[in-house]
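Going down the list, the sequences are from chains A and B. Sequence positions in the first sequence follow the working numbering and run 17 to 468. Sequence positions in the second sequence follow the working numbering and run 79 to 590.
A couple of the hints might just be wrong.
Derived pair list, reagent style SDA-like, types lysine to any residue, alpha-carbon separation capped at 25 Å [what the hints assert, rightly or not]:
| # | chain 1 | residue 1 | chain 2 | residue 2 |
| --- | --- | --- | --- | --- |
| 1 | A | K409 | B | K327 |
| 2 | A | K409 | B | E325 |
| 3 | A | K167 | A | E262 |
| 4 | B | K367 | B | A551 |
| 5 | A | K409 | B | G488 |
| 6 | A | K167 | A | S154 |
| 7 | B | K367 | B | E538 |
| 8 | B | K327 | B | G474 |
| 9 | A | K167 | A | G143 |
| 10 | A | K409 | B | A501 |
| 11 | B | K367 | B | Q417 |
| 12 | A | K409 | B | D281 |
| 13 | A | K409 | A | I281 |
| 14 | A | K409 | B | V498 |
| 15 | A | K409 | A | V197 |
| 16 | B | K367 | B | S322 |
| 17 | A | K409 | B | A494 |
| 18 | A | K409 | B | V491 |
| 19 | A | K167 | B | S322 |
| 20 | A | K409 | B | G474 |
| 21 | A | K167 | B | E538 |
| 22 | B | K367 | B | G183 |
| 23 | A | K167 | B | G539 |
| 24 | A | K167 | A | E340 |
| 25 | B | K367 | B | Y419 |
| 26 | B | K367 | B | Y300 |
| 27 | A | K167 | A | G200 |
| 28 | A | K409 | B | L490 |
| 29 | A | K409 | B | I276 |
| 30 | A | K409 | A | L438 |
Don't read these hints as lab results, they were simulated from the structure. All figures in this text were calculated on a predicted structure; none of them were measured in a lab.
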Amino acid sequence: MSLFPHGRPVRVLTTVALLALGGVVDAAQDPAIGQLRLIAPAAPGGGWDQTARVMQQVLQRTGIVRTAPVENIPGAAGTIGLARFVGSEQGRDDAILVSGLIMLGGIVMHRSPVTLREVTPIARLTGEYEAIVVPANSPFRTLTDMIRALKDRPESLSWGGGSAGGSDQILAGLVAEAVGVPPGRINYIAFSGGGESLSAILGGQVSLGINGLAELEAQIEAGTVRALAISSAERLPGLDVPTLREQGVDVEFENWRSVVAPPGIGARERQRLESVIAAMVATPEWRAALERYRWLDRYLPGDAFARFVDREEMRVRTTLRQLEAGQDGGGALASVGVYPTFVLSGLAMCAVAALVVGRTASRAVTSRTSRPKISGTVWWIGLALVINLAMAKTVGFVVASTAMFWLTARAFDDRHPIRDGLFAVAMALAAFLLFGHFLQLPLPAGPLERWL
Amino acid sequence: MLETLQALTSGFVSAFALHHLGWALVGTTLGTAIGVLPGIGPALTVAVLLPVTFNLDPISAFIMFGGIYSGAMYGGSTTSILLNTPGETGSIATAIDGYMMARQGRGAAALTTAAVGSFVAGTLATVALTFFAPPLARAALRFGPAEYFALTVVAFTTVSLLLGPSRVKGLFSLFLGLSVGLVGIDQLTGDARFSFGIPQLLDGIDVVILVIGLFAVGETIYQAWQYGRSEPEAVVLHDFTGMSREEWKRSWGSWLRGTAIGFPLGVLPCGGTVIPTFVSYATEKRLSKEPERFGHGAIEGVAGPEAANNAAAAGVLVPLLTLGLPSSATAAVLLAAFQQYGLQPGPLLFTSRPDLVWTLIASLYIGNVMLLVLNLPLVGIWARVMLMPRRLLFAGVLVLASLGAYSLNGSLVDLAILYVVGAVGCAMRVYDVPLVPAVLGLVLGPLSELQFRRALAISEGDLSVFVTRPISAVLLLVAATLLIGSKVVTRRLVTEGAEETDRHGETGERRS
């Protein structure tokens, strides 16, 4: 009996292959743009990655863009992706970068030499509210209880939230400032990612939690945490949580996400990208996605968006500077420099000890008297690696890998140059087709890859 | 209990639909393939496939994702054993003895124990997931920063068993790894440390790059170094059929212990599968009557860690399904997948979409069987990889290692770091410095520091948290006993006879 009756899996498999090979092509509709690369400056799974992948789906499905591959360039709150974007996409009109409030925080925290002023603003897209919650068994019933304790002894409350300088910590600083507590005295415990901080909140490891509403909503509904406040201007329908403002804390806050284009593009190119995004946000598919991920529609295009970014940058900069002012959570032992000093001195001591032991040992063992020499084989391998590194960007993955393969094979045995050459081409091509084409991993692309 | 069984049965009924089985097959095959490739893990694969699966019904999609997930854990072991190139961080411990076995022509046995061990552990862990998920998840919440710090201390004691013949060189390797771990943003304050103005270093050096560099690239350069210096030992394959009766007997206990260690540690979000695999390896070595065989092709050293990483992978699903907590990168992507289908993962998922949850769990059982059926017949063929001409083998390893490292961030800087680490790895081999402590240092160092400082920040600088919190105190006590215990064992071994020291001397010489 066949494992695939009615031929269905075969059809589905072809669909999978087709989709992976470049998205759904709607024959009836002529797409306005051939390719638009979506760059998510974060690892798969986070908010920016989700935004990019939803955009990919909507743009391809509606035929606004024929293919919209997503590239992840994770690291340092998006500033690594931003720096690469500004550096290597200058003047190109076929790439956009997903960005947002957290990137502003990253720019300030990591003193990034590249800022959002350098890119071409396209549009703000979505927003997400934040919530302040406590574990179900916490003594705090309302925000007022919490603020009383905070004013009494700020350091005794530990705030669990996302990474340092991110939206959660910025909101914590804004709340502290609004109630008259120096933001520098907030005992903020940074966790990486929503899961880690959420488990600390659920387990009562921290006094309170501050996170995006999307991450907390299911827990609030299930009653595993108690929400003290939400950062929206008004109460949200279907969620019985008071706002910060109605409890006397004059803060309104949203973690917004946006898209920007490379620097140095012309007015016409900018216009065209803006119209692509405008077309996207008008589709029912985009509306459905907003609903699904519980994102707020915060579409704001062009110059208005640019002015908004300037205002936000001011706010973030001031808050983060105040937060940095008095940071020293856990006393002397927990300060930044202690551990590195310990590790580096340990390394130095071990190195010295190893040298001493090695010397006495080599005196004892006479066979080690001749110093090892680097053989020709090693030089060939070194050459293979250097060539791959130097050539990959210009000639692309396939050619560079072929060269590396052939040189490495030659290093070990130079009697079959032609056969090894064939093996090299086959290996490089197969790897490219499987990983570059089918799985769409980012591989260095040269003329050959673009043609394939 | 009865309700659980009923729910599970209906899950099985739904998963056994032929097209669901087809998706499980696609998932496990794809998972095994990406597990083989160094650097590319299940998280990235699932993320890439998310938009593709949008047309599928959620059940089919999750069955496929479940297959990818368990397949990737298994696939990593193949390259570890045959090429000394761990595909995932969870397979590093496997490489230590697995690669030695392969070089002795026992690759088929190593692959078989990995496959059967993965199956046994995967299945037992899924049973535990089926019946005990909610209480386990609640217990895991009792772990705070102080407890995680204590756990890393326990993990550090395993290093003492992996130092190799020379203590000084082993410690040097450990501190080298700890130093590399210093690079990058300090997570608590957001300050950059030791990044030397290179933006790509802000997020630190990826463990995967260090592992591929030290092991795969380092091994290639080292073989080139050795070329012409000494005749390569010709590999003679012992058999293609798998394990001998004695090897089966040795493996059983290791599989079960590996599962017992891996599953609970997987439930706790503590740095992925590295800690469970090394704790399992150390346990096997300590319980063994002949610990000196470890590092020279002991089958227990493959069976234990391989069982542990598969059990841990199932453990990660416990907090995800019961509490909606993603505790690994893959879990975070799966969470995003839930949202794509409009499902809110959280404490209510089990009640709001029981059909989906139980089909997913049932498909894990099926995926495990499928992996075994798919991979056991291939063991003999894979083992023949060792007979390939070395020049092609190493050339292929370099291409795949470079591909994996580059595709992590799409950056040439990572490629350059990979090659530098490879050169360092070769130098370490030449001077007989063990590689594994460096990897452990890089993984455990930052985790340990972070949790230590978090715990102190929460306690406002009061050091007593580590002993007044009961779980933390017990864990620290365990660590202390293990350290003192190992001293006693070493002393006994040393005094037990000169024969032992002779053998150590011999191996030391052969390696240099």
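Evaluation of the provided hints:
A distance of roughly 52 Å separates the Cα atoms of K409(A) and K327(B); the hinted pair therefore is violated under the 25 Å criterion. Taken as a hint, the K409(A) and E325(B) pair is broken in the structure, with Cα atoms around 49 Å apart against an allowance of 25 Å. Proposed proximity of K167(A) and E262(A) is supported: the alpha carbons are some 19 Å apart, at most 25 Å. With a CA separation close to 30 Å, the supplied pair K367(B) and A551(B) exceeds the 25 Å bound.
For the hint pairing K409(A) with G488(B), the CA-to-CA distance comes to about 11 Å; that is within 25 Å, so the pair holds. A hinted pair counts as satisfied when its Cα atoms are at most 25 Å apart, and K167(A) with S154(A) qualifies at roughly 18 Å. A threshold of 25 Å between alpha carbons decides the hint, and for K367(B) with E538(B) the separation of about 46 Å lies outside it, so the pair is violated. Simply put, K327(B) and G474(B) have alpha-carbon atoms about 35 Å apart, too far for the 25 Å limit, and the pair is violated.
Of the supplied pair hints, the one linking K167(A) and G143(A) is violated, its CA atoms being roughly 30 Å apart against a limit of 25 Å. Of the supplied pair hints, the one linking K409(A) and A501(B) holds, its CA atoms being roughly 22 Å apart against a limit of 25 Å. Distance check on the hinted pair: K367(B) and Q417(B) sit about 51 Å apart at the alpha-carbon level, beyond 25 Å; violated. A distance of roughly 23 Å separates the Cα atoms of K409(A) and D281(B); the hinted pair therefore holds under the 25 Å criterion.
At most 25 Å may separate the alpha-carbon atoms for a hinted pair to count; K409(A) and I281(A) meet this at roughly 23 Å. Only pairs whose Cα atoms come within 25 Å are accepted, and K409(A) paired with V498(B) is accepted, the gap being roughly 19 Å. About 52 Å separates the Cα atoms of K409(A) and V197(A), which puts this hinted pair outside 25 Å; it is violated. With a C-alpha separation of about 19 Å, the suggested pairing of K367(B) with S322(B) holds against the 25 Å cut-off.
For the proposed pair K409(A) and A494(B), the alpha carbon gap of about 13 Å is at most 25 Å, so the pair holds. Pair hint K409(A) plus V491(B) holds up; C-alpha atoms about 12 Å apart against a cutoff of 25 Å. As the CA atoms of K167(A) and S322(B) are separated by approximately 70 Å, the hinted pair breaks the 25 Å bound. Taken as a hint, the K409(A) and G474(B) pair is honoured in the structure, with Cα atoms around 20 Å apart against an allowance of 25 Å.
Distance hint between K167(A) and E538(B) is fulfilled; the C-alpha atoms sit about 16 Å from each other, no more than 25 Å. Annotation: proposed proximity of K367(B) to G183(B) holds, straight-line Cα distance about 24 Å (limit 25 Å). Taken as a hint, the K167(A) and G539(B) pair is honoured in the structure, with Cα atoms around 20 Å apart against an allowance of 25 Å. For the proposed pair K167(A) and E340(A), the alpha carbon gap of about 19 Å is at most 25 Å, so the pair holds.
For the given pair, K367(B) sits about 52 Å from Y419(B) by alpha-carbon distance, which is inconsistent with the 25 Å threshold. Annotation: proposed proximity of K367(B) to Y300(B) is violated, straight-line Cα distance about 32 Å (limit 25 Å). Distance check on the hinted pair: K167(A) and G200(A) sit about 13 Å apart at the alpha-carbon level, within 25 Å; holds. A distance of roughly 8 Å separates the Cα atoms of K409(A) and L490(B); the hinted pair therefore holds under the 25 Å criterion.
With a C-alpha separation of about 19 Å, the suggested pairing of K409(A) with I276(B) holds against the 25 Å cut-off. Taken as a hint, the K409(A) and L438(A) pair is honoured in the structure, with Cα atoms around 23 Å apart against an allowance of 25 Å.
Hint check: violations occur at hints 1, 2, 4, 7, 8, 9, 11, 15, 19, 25 and 26; the rest are consistent with the structure.
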